[in-house]
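With chain H held as given, fit chain R onto it using these hints.
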Amino acid sequence: MSKITQMDALTLGKAIAAGEVKVTEATEEYLKSIKESDEKYNCYVTVDEEGAMKSASDVQARIEKGELKSPLAGVPVAIKDNMCTEGLLTTCSSKILYNFVPTYESTAVSKLRDAGAVILGKTNMDEFAMGSTTETSYFGPTKNPANPEHVPGGSSGGSAAAVAAGECAYALGSDTGGSIRQPASYCGVVGIKPTYGTVSRYGLIAYGSSLDQIGPLTRNVSDAAAVLTAIAGHDEKDSTSVNAKAKDYTKALTKDVKDIKIGIPRDYFGEGLDPEVASKVRAAADVLKNAGASVEEFDLSLVNYAIPAYYTIAAAEASSNLERFDGIKYGYRTEDYEGLHNMYKKSRSEGFGAEVKRRIMLGSFVLSSGYYDAYYLKALKVKALIKKAFDEAFAKYDIILGPVAPTPAPKLGESLSDPIKMYLGDIYTISVNLAGLPGISLPCGTSAEGLPIGVQLLADCFEEEKLFRTAYTYEQCK
Amino acid sequence: MANIISDETIEYVGILAKLELSEEEKEAAKSDMGRMLDYIDMLGELDTENVEPMSHAFPVQNVFREDAVTGTDMRDLILKNAPEEKDGMFVVPKTFE
Numbered sequence: 001m002s003k004i005t006q007m008d009a010l011t012l013g014k015a016i017a018a019g020e021v022k023v024t025e026a027t028e029e030y031l032k033s034i035k036e037s038d039e040k041y042n043c044y045v046t047v048d049e050e051g052a053m054k055s056a057s058d059v060q061a062r063i064e065k066g067e068l069k070s071p072l073a074g075v076p077v078a079i080k081d082n083m084c085t086e087g088l089l090t091t092c093s094s095k096i097l098y099n100f101v102p103t104y105e106s107t108a109v110s111k112l113r114d115a116g117a118v119i120l121g122k123t124n125m126d127e128f129a130m131g132s133t134t135e136t137s138y139f140g141p142t143k144n145p146a147n148p149e150h151v152p153g154g155s156s157g158g159s160a161a162a163v164a165a166g167e168c169a170y171a172l173g174s175d176t177g178g179s180i181r182q183p184a185s186y187c188g189v190v191g192i193k194p195t196y197g198t199v200s201r202y203g204l205i206a207y208g209s210s211l212d213q214i215g216p217l218t219r220n221v222s223d224a225a226a227v228l229t230a231i232a233g234h235d236e237k238d239s240t241s242v243n244a245k246a247k248d249y250t251k252a253l254t255k256d257v258k259d260i261k262i263g264i265p266r267d268y269f270g271e272g273l274d275p276e277v278a279s280k281v282r283a284a285a286d287v288l289k290n291a292g293a294s295v296e297e298f299d300l301s302l303v304n305y306a307i308p309a310y311y312t313i314a315a316a317e318a319s320s321n322l323e324r325f326d327g328i329k330y331g332y333r334t335e336d337y338e339g340l341h342n343m344y345k346k347s348r349s350e351g352f353g354a355e356v357k358r359r360i361m362l363g364s365f366v367l368s369s370g371y372y373d374a375y376y377l378k379a380l381k382v383k384a385l386i387k388k389a390f391d392e393a394f395a396k397y398d399i400i401l402g403p404v405a406p407t408p409a410p411k412l413g414e415s416l417s418d419p420i421k422m423y424l425g426d427i428y429t430i431s432v433n434l435a436g437l438p439g440i441s442l443p444c445g446t447s448a449e450g451l452p453i454g455v456q457l458l459a460d461c462f463e464e465e466k467l468f469r470t471a472y473t474y475e476q477c478k
Numbered sequence: 001m002a003n004i005i006s007d008e009t010i011e012y013v014g015i016l017a018k019l020e021l022s023e024e025e026k027e028a029a030k031s032d033m034g035r036m037l038d039y040i041d042m043l044g045e046l047d048t049e050n051v052e053p054m055s056h057a058f059p060v061q062n063v064f065r066e067d068a069v070t071g072t073d074m075r076d077l078i079l080k081n082a083p084e085e086k087d088g089m090f091v092v093p094k095t096f097e
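Which chain is which? The protein sequence lines are H and R, in order. In terms of my numbering, the first sequence opens at residue 1 and continues consecutively. In terms of my numbering, the second sequence opens at residue 1 and continues consecutively.
Just chain H, with the same shape it has in the complex (with noise of 0.2 Å):
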């Protein structure tokens, strides 16, 4: 890595800012980085190096007449392949999407570009978000920077591998069900999952609408609340953004824990947990517990029953949302049919991969009659029993301490064999999205096999500050 390319991303809009460095000397540096080193990885699908480029251009000269003050002026930014960007492929890592050029802009990326960001390119995923690996793509897996023959983790893995390899300074993921914070894990980086509502889902291509939520992936915590006090905000074209005064998370930035309760649930803690993954948890919650924080453990009680509720309402919002894919107005169509039926099945069944198929099939079997009460409102019941639990915890505890996932990252070719397998991976992250709730997830250390490992910690909803201070104490600290 160069040293452009060392800097964090308000080191780097520092150093723009003063004049130390232009801003395509930071975008070409980083393309150059991308070049060597993305054959190895795969964490982008398009590379953007002319847009980049006179994008660049611009924004040094905006800079220059004053224009942009935002600290994230000029950084070089990687795109998750599930948010539009207008007149860029826009994949979503699917077949079905091979050519789609959005005719418009998402909002989180937009408002990236209101501060003077510099777009490089689209990251891989999972195809449609749906998979903690990022083997999913329809355009190869990404590879873990800290160990290629690992996966990055997913959904965000291009995002998370992008970042950890130095082809970014920071990028957007989305999290359905983990897929900032499981990725963040494995490739050692930071990442934050607001609460439901807080960063606009506008132009966001949906798998799950009540649990998507767009967020940052960074190098350190305070890069994270700078990306999310650029991205996040009130926008009438998603109504289930909510309409709350703009915050900015970077004042939250201070070294003091003495007044956080910390809970550790005890059912984080049992059987399918990396003892080496467990010890590291642990260690970083005596981190905090010495900076001043108070530290306990407690019964959060449902946690089995996350994943099932889970899998149950993601594949029902995702066989609704993915209805669109159907041969007409954009995307793939099928060469040989007959007839509009066979040629919106044909289209669907050559354009989607076998996880995105699975989930279809599931999502329309519980909601389809007669399945409907037993299967998807019963997890939506569940759902609330859930959300009750975390009520009752952070009516104690200021933030819940836990691990991201039971295991460091997998080696690649290990986990699609067996689904209910792979979706126990997501245990200790996807509550979080059921509930609605602001997690984040820090690196805390590597495994003997020298792999990263992080740890989570979650607050009540629209507690990011609380949550930006912990992370950054731990930081400081650790």
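Watch out, some of these pointers could steer you wrong.
[Unchecked claim] Quick list of in silico lysine-lysine cross-link-like pairs, DSS-like style, CA-CA up to 27 Å:
1) R:K80 with H:K54
2) H:K346 with R:K26
3) H:K346 with R:K86
4) R:K80 with H:K329
5) R:K80 with H:K237
6) H:K346 with R:K80
7) H:K466 with H:K478
8) H:K95 with R:K94
9) H:K261 with H:K289
10) H:K251 with R:K80
11) H:K14 with H:K251
[As the list claims (entries may be wrong)] Computed from the model, here is a short list of chain R residues facing chain H with C-beta under 8 Å:
12) L16
13) A17
14) D32
15) Y39
16) L43
17) L46
18) V60
19) L77
20) A82
Read the hints as simulated data drawn from the structure, not as lab findings. Predicted model only: the values in this text are computed from it and were never measured. All C-beta atoms, glycine included, are put in the ideal place defined by N, C-alpha and C.
Same frame as chain H, now just chain R:
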């Protein structure tokens, strides 16, 4: 496996899902779906008798905005994405005889 998925069910779900599965895919779907439903049946252990189903994590009211045109005419750009277009319209297969 407690949940046995019949050929008829897979056919029916295939129609709902607008997916045409090969024989091999159908067999895989039967076993996958059966296993997933066995797993999901775990939710039956919980008493949800007096629980209101929750679709959103926090209460949201109806959200309204003025029904006003804000976009611009992007017909040609939009049609560029279409697999087939003619005279400014999407081309679709014949829908009735």
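Q: May I ask which of the numbered hints given earlier this structure violates, with the numbers listed in increasing order?
A: Going through the list in order, the structure violates hint 10 alone and respects the others.
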